[in-house]
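Asker: Sequence:
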Amino acid sequence: MNNAQPAKNLQRYGITDPVSTNGPAEGDREATEEFVKLLKSHSLFETDEGKRKRERVLEALNRALQQFVRRTSKRALGIEGADASKISAKLLTFGSYRLGIVAPDSDIDCLCLCPQSVTREAFFGDFYASLKLIPAITKLHAVPDAYTPVIKLIYDGVDIDLLFANLPAPSVPEELDILDDSILRNMNEATARSVNGCRVAALILSLVPNKDNFRTTLRYVKLWANRRGLYTTVMGYMGGVAWAILTARVCQLYPNYLPNQLIQRFFKVYAQWNWKYPVMLCKIKEVPNVPGYMSFKVWDPRTNHTDRQHLMPVITPAFPSMNSTHNITLTTKRILTDEFKRADEMLKSHRNTKDMRKVWNQVLEKEDMFASHKHFLVIEAMATTEHIHGKWEGWIGSRMRYLIKKLEVVPDILVRPWPEFFKYKHDEWDYASCVFFGFKCKSAEATQPATRGETTTKTFDMRMSIKGFKEIINTWTEMDTYKDQIAVNIKYLKNSQLPYFVSPRHKRTAEEMA
Numbered sequence: 001m002n003n004a005q006p007a008k009n010l011q012r013y014g015i016t017d018p019v020s021t022n023g024p025a026e027g028d029r030e031a032t033e034e035f036v037k038l039l040k041s042h043s044l045f046e047t048d049e050g051k052r053k054r055e056r057v058l059e060a061l062n063r064a065l066q067q068f069v070r071r072t073s074k075r076a077l078g079i080e081g082a083d084a085s086k087i088s089a090k091l092l093t094f095g096s097y098r099l100g101i102v103a104p105d106s107d108i109d110c111l112c113l114c115p116q117s118v119t120r121e122a123f124f125g126d127f128y129a130s131l132k133l134i135p136a137i138t139k140l141h142a143v144p145d146a147y148t149p150v151i152k153l154i155y156d157g158v159d160i161d162l163l164f165a166n167l168p169a170p171s172v173p174e175e176l177d178i179l180d181d182s183i184l185r186n187m188n189e190a191t192a193r194s195v196n197g198c199r200v201a202a203l204i205l206s207l208v209p210n211k212d213n214f215r216t217t218l219r220y221v222k223l224w225a226n227r228r229g230l231y232t233t234v235m236g237y238m239g240g241v242a243w244a245i246l247t248a249r250v251c252q253l254y255p256n257y258l259p260n261q262l263i264q265r266f267f268k269v270y271a272q273w274n275w276k277y278p279v280m281l282c283k284i285k286e287v288p289n290v291p292g293y294m295s296f297k298v299w300d301p302r303t304n305h306t307d308r309q310h311l312m313p314v315i316t317p318a319f320p321s322m323n324s325t326h327n328i329t330l331t332t333k334r335i336l337t338d339e340f341k342r343a344d345e346m347l348k349s350h351r352n353t354k355d356m357r358k359v360w361n362q363v364l365e366k367e368d369m370f371a372s373h374k375h376f377l378v379i380e381a382m383a384t385t386e387h388i389h390g391k392w393e394g395w396i397g398s399r400m401r402y403l404i405k406k407l408e409v410v411p412d413i414l415v416r417p418w419p420e421f422f423k424y425k426h427d428e429w430d431y432a433s434c435v436f437f438g439f440k441c442k443s444a445e446a447t448q449p450a451t452r453g454e455t456t457t458k459t460f461d462m463r464m465s466i467k468g469f470k471e472i473i474n475t476w477t478e479m480d481t482y483k484d485q486i487a488v489n490i491k492y493l494k495n496s497q498l499p500y501f502v503s504p505r506h507k508r509t510a511e512e513m514a
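Residues 1 to 514 in the UniProt record's numbering are what the sequence shown spells out, letter by letter.
Simulated from the structure, these hints should not be mistaken for lab results. These figures come from a predicted structure and were not determined experimentally. Since no wrong hints were added, every one of them can be taken at face value.
Simulated restraints on C-beta separations:
#  : residue 1 : residue 2 : range
1  : E365      : K74       : 56 to 64 Å
2  : A25       : E365      : 21 to 29 Å
3  : T481      : Q362      : 45 to 53 Å
4  : T385      : E365      : 33 to 41 Å
5  : T477      : S130      : 24 to 32 Å
6  : G27       : Y147      : 40 to 48 Å
7  : S182      : S20       : 32 to 40 Å
8  : G125      : T385      : 14 to 22 Å
9  : E49       : E471      : 47 to 55 Å
10 : K132      : G100      : 30 to 38 Å
11 : A146      : M294      : 21 to 29 Å
With a straight-line cut-off of 20 Å between C-alpha atoms, the simulated DMTMM-like cross-links for lysine to aspartate or glutamate are:
#  : residue 1 : residue 2
12 : K491      : E428
13 : K391      : D161
14 : K467      : E380
15 : K152      : E55
16 : K51       : D156
17 : K333      : E367
18 : K354      : E30
19 : K406      : E380
The C-beta atom is built at its ideal place from N, Cα and C for all residues, glycine as well.
Take these sequences, add in the hints, and give me the full structure.
Answerer: Here's what the structure looks like:
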């Protein structure tokens with residue numbers, strides 16, 4: 001770790017002055033060493049061989065991309081030989097790989113930045129077809145109509161997400177500066193979103209005082225969010241970009257702190273944060289009054305009604321700035337806030353203990369929603385093939401936040417969505433998965449939900465919420481194509497009826513037998 005700088009040499013990071021310019025106190029370096037050992041015990045660091053394998057995979061994908069771009073450019077431009085060989089693309093990484101926090105089970109997010117002769121249709125058509133021919137690639141799946149269109153695949157055991165963007169240029173220069181806003185000129189919104197994945201990751205790293213301290217702290221934050229069931233945007237929680245920005249902001253506020261100190265401040269800051277104010281790493285750039293940029297929209301609650309409705313805004317630093325947490329609902333805001341407070345209280349109450357590693361592990365204790373809730377709503381996605389099931393599950397998952405919002409109007413319940421699809425063996429369908437919502441009553445009288453017309457003394461009547469959600473699911477653009485090959489089912493279960501793969505009773509029995 002870098003030594004703390006004298007306060008007089010400190011520069012200002014972010015949009016405010018630091019809260020503290022103090023450096024580590026006695027014992028903090030030893031505590032951070034223990035902190036890193038804890039992270040390693042959770043297998044959060046890729047091995048040297050794993051790193052080399054990822055590099056080989058990226059090199060192979062880059063070769064495939066360059067070959068595709070040259071083939072496509074030959075056809076589109078009618079050129080041959082040396083002229084065609086001069087045309088190139090760039091394979092850029094973003095996400096955890098770009099941030100330098102890759103773990104053994106991490107995927108690699110990539111941007112295929114192509115010249116203007118390569119269209120989105122060619123990328124999702126011809127390039128997708130060429131990837132099918134590579135023996136090392138499995139589970140190839142294109143999602144061209146997603147909010148951010150993507151090709152998903154596994155290359156020699158490494159999960160890869162490929163995004164597409166093309167520049168208004170005959171070739172992508174090797175020395176391209178991805179942070180130069182001019183590369184966005186005349187781009188459409190979908191392309192700009194894809195490019196901004198790389199730009200955001202690069203800017204985050206440039207805006208933190210100490211990259212190593214940031215990375216170490218972020219590894220813990222992401223592990224905590226995963227174990228507490230808070231890591232995914234589609235369920236209304238926060239994704240990787242938001243967690244990185246939240247961590248980076250705390251690093252800006254305490255520029256000389258070490259990770260063991262930063263993690264305490266992280267939970268303290270967000271347990272107390274006034275969410276009327278966004279979390280930002282730098283000032284938002286206004287849209288310039290210049291042709292080619294004026295179609296972009298930046299996050300601005302002063303002029304945009306939708307932006308004013310955002311509940312926990314975490315703003316990306318790259319132009320055009322947007323809210324990385326726009327999917328958060330009243331339900332998930334409540335859960336996130338409660339979780340920040342839980343961790344803060346645990347760390348605060350054990351601040352002077354000699355065994356902080358034990359406390360850090362307690363904070364990381366996995367949330368067992370299936371033991372802490374008595375009532376569950378189960379959403380099942382079934383299909384005839386693995387390929388169709390992947391598309392169907394992806395569509396249902398992308399609409400899940402609407403179900404959460406619809407359940408928020410049901411009186412007397414508190415919902416907790418668990419952000420994971422569980423695959424299981426279905427009696428009638430070849431491929432099936434399900435997701436669970438746990439819920440509790442706010443008052444003691446409400447004991448039994450009504451989903452199919454049942455009546456009790458008092459009920460949770462979710463029928464209209466479920467009906468409305470099914471109507472949304474049925475708007476899928478490929479519904480007619482696959483209507484006889486897919487199904488969705490929504491049902492209520494008591495905790496005693498939970499399937500074996502999530503049942504707390506089953507888990508306890510398995511542990512006793514081990």
